[in-house]
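Protein chains: 2
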Amino acid sequence: MARTITQVENDTQLGHQVLEQLFSHGGTAHLIGITGPSGAGKSTLVNALVRRYREQMPEKKVAVIGVDPTSPFSGGALLGDRVRMRDICADTGVFMRSMATRGTLGGLAKTTAAVVAILDAGGYDPILVETVGAGQAEVDIARLAHTTIVIEAPGLGDDVQSSKAGILEIADILVVNKSDHPGAEGVVQSLRSMIEMGTVDRGEQTQQTEPDQWIPPVISTIATQGQGIIELMDAIGQHAEIIHQNGDYQRKENARMQAWVQQIFQEELMKNWQQADSYQNYAKIIQEVTERKLSPYRAVQQLLKQ
Amino acid sequence: MARTITQVENDTQLGHQVLEQLFSHGGTAHLIGITGPSGAGKSTLVNALVRRYREQMPEKKVAVIGVDPTSPFSGGALLGDRVRMRDICADTGVFMRSMATRGTLGGLAKTTAAVVAILDAGGYDPILVETVGAGQAEVDIARLAHTTIVIEAPGLGDDVQSSKAGILEIADILVVNKSDHPGAEGVVQSLRSMIEMGTVDRGEQTQQTEPDQWIPPVISTIATQGQGIIELMDAIGQHAEIIHQNGDYQRKENARMQAWVQQIFQEELMKNWQQADSYQNYAKIIQEVTERKLSPYRAVQQLLKQ
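In the order they appear, the protein sequences are chains A and B.
All the letters of the first sequence, read from the start, carry residue numbers 1 to 306 under my numbering.
All the letters of the second sequence, read from the start, carry residue numbers 307 to 612 under my numbering.
Rather than coming from a laboratory, the hints here were simulated on the basis of the structure.
Careful: at least some of the hints might be erroneous.
Claimed, not checked - Listed next, the in silico DMTMM-like pairs over lysine to aspartate or glutamate satisfying Cα-Cα at most 25 Å (straight line):
#, chain 1, residue 1, chain 2, residue 2
1, B, K599, A, E268
2, B, K577, A, E20
3, B, K599, A, D11
4, A, K252, A, E267
5, B, K611, A, E20
6, A, K271, B, D431
7, A, K305, B, D431
8, B, K590, B, E573
9, A, K305, B, E326
10, A, K293, B, D431
11, B, K590, A, E268
12, B, K558, B, D397
13, B, K611, A, E268
14, B, K599, A, E20
Stated by the list, open to error - Sample of chain B residues with no beta-carbon within 10 Å of chain A, all distances over it, derived:
#, residue
15, T318
16, M405
17, D486
18, Q519
19, E537
20, D540
21, G543
22, N560
23, I570
24, Q581
For every residue, glycine included, the Cβ atom is placed at its ideal position computed from N, Cα and C.
Please model the entire structure based on the sequences and the hints provided.
Here's what the structure looks like:
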């Protein structure tokens, strides 16, 4: 599995062939995206969650992908995670993989999609995609999951909850970890009122709440002690059930595949073009832009004509 | 200026036309990229630097672009920056603009390039591009500058300097801000030894150091008191001089224009394709991928054939 994934990650011909063979065997795994600011205890929670899955459903293999699209400044986070996750690493029913590229966000999303497809075909279910850091990149990768969990914790130095309104757009489940720390109840309350406001905003209060409409629960956990993990597992299960019923699962799968195909397609279009005759003029045109003889938009018009 | 930039940011036809008219008038401004982890005091330093530029060269107008490509989790940072920068905002020789999009990194880099071109044509020089946060996105945007400054500070909770080796690849000048805080001298020392090791690694110790080779200086500052800012300005001036001599300036300009043209070109290729007949099949093909009847790579092959 590890060697196959390396081929896929390196975008080799062999990697493509393997993916070709395995792709049709996937489509069953539930993808769980986990994101949130650093210091919220994501890795500890993932660790606790995986252990609980293995205890409750020992027949199921679980995979964890740690994605770090961040910079040199935050380097080393993944190593730390691995150390903390040592106890689940010894379990042969658990597959773990860290991914960090310095390439484009699109490239990372593409590779993540391919690795997920391999693990999916290999019978891993659920597959957890943990994104380290809290940038837009991580959010984008997390939202490709079927169930997206956003982890918060008290005392992270950002009391202005209103600035976090964006997380409601992506979170299917909200977790307030470190719920034994001071201020945890406040975080829970403000998240709950944000969810209520969001529901009112969408004008849903005037209507009957539809039976298959999902309202993100807020779950308190103490990951270091395993507290609240069963509740989190249950919420994930309920969310999975509802999205299978209301069609969101299919819509999410469709969006995920479209994002993947589009990324490959863009790369191929560029590759094809770089092999074409028109590419010969490219360096010359860029030089003219650098000399301010040609604007970038005119340059692109010329390139497109060719 | 502000209204023109809004047109350019929104990618309107008028924005393109204005850029078309103004583009050839640019190419003189020196671009300074400023990045580093949060808490290092980037905004205070930018504030101090801008004030010093205005004092020393009052005939020059200075522009500051604050770029925030980060997520909902860190929202609000730019507002804080503006408050801290209030005193330079009153100076009519200083133009400030915050940019934050939730779009792609490529989109943000493209817009930043366009805004820089407008300011450049408008006679602003230098143009400072401050990137908030410390993700790969910020690094990518900062490295498009002629001179990239990386700011560090003591006490940011990351003593493993080796994990920061990546910053040497992008930094032309290193700043240790808050140099009156405990541990500052240690940060300076470890950055200096990293630079020395980097120089040795490249095998440059055995040769004579070339006269136009740039070795990143490490400058200590206390931005709140304006200390070290003159030294920083001098270092920027020296770096500008050297890269004009050794050809790096032209190479950087070329790379910057190429990145910009390529981004526009990719978008146009996709737009053209979405208007073509072949696009009709797109939804059908994505559906087949979702149903695992077709792998993403085969899907792209089909799309390319059409």
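Hints versus structure:
no.	hint	result
1	K599(B) x E268(A)	holds, 21 Å
2	K577(B) x E20(A)	violated, 28 Å
3	K599(B) x D11(A)	holds, 21 Å
4	K252(A) x E267(A)	holds, 23 Å
5	K611(B) x E20(A)	holds, 18 Å
6	K271(A) x D431(B)	violated, 37 Å
7	K305(A) x D431(B)	violated, 35 Å
8	K590(B) x E573(B)	holds, 22 Å
9	K305(A) x E326(B)	holds, 18 Å
10	K293(A) x D431(B)	holds, 21 Å
11	K590(B) x E268(A)	holds, 20 Å
12	K558(B) x D397(B)	violated, 31 Å
13	K611(B) x E268(A)	holds, 12 Å
14	K599(B) x E20(A)	holds, 11 Å
15	T318	holds, 12 Å
16	M405	holds, 13 Å
17	D486	holds, 22 Å
18	Q519	holds, 22 Å
19	E537	holds, 23 Å
20	D540	holds, 26 Å
21	G543	holds, 23 Å
22	N560	violated, 5 Å
23	I570	violated, 5 Å
24	Q581	holds, 12 Å
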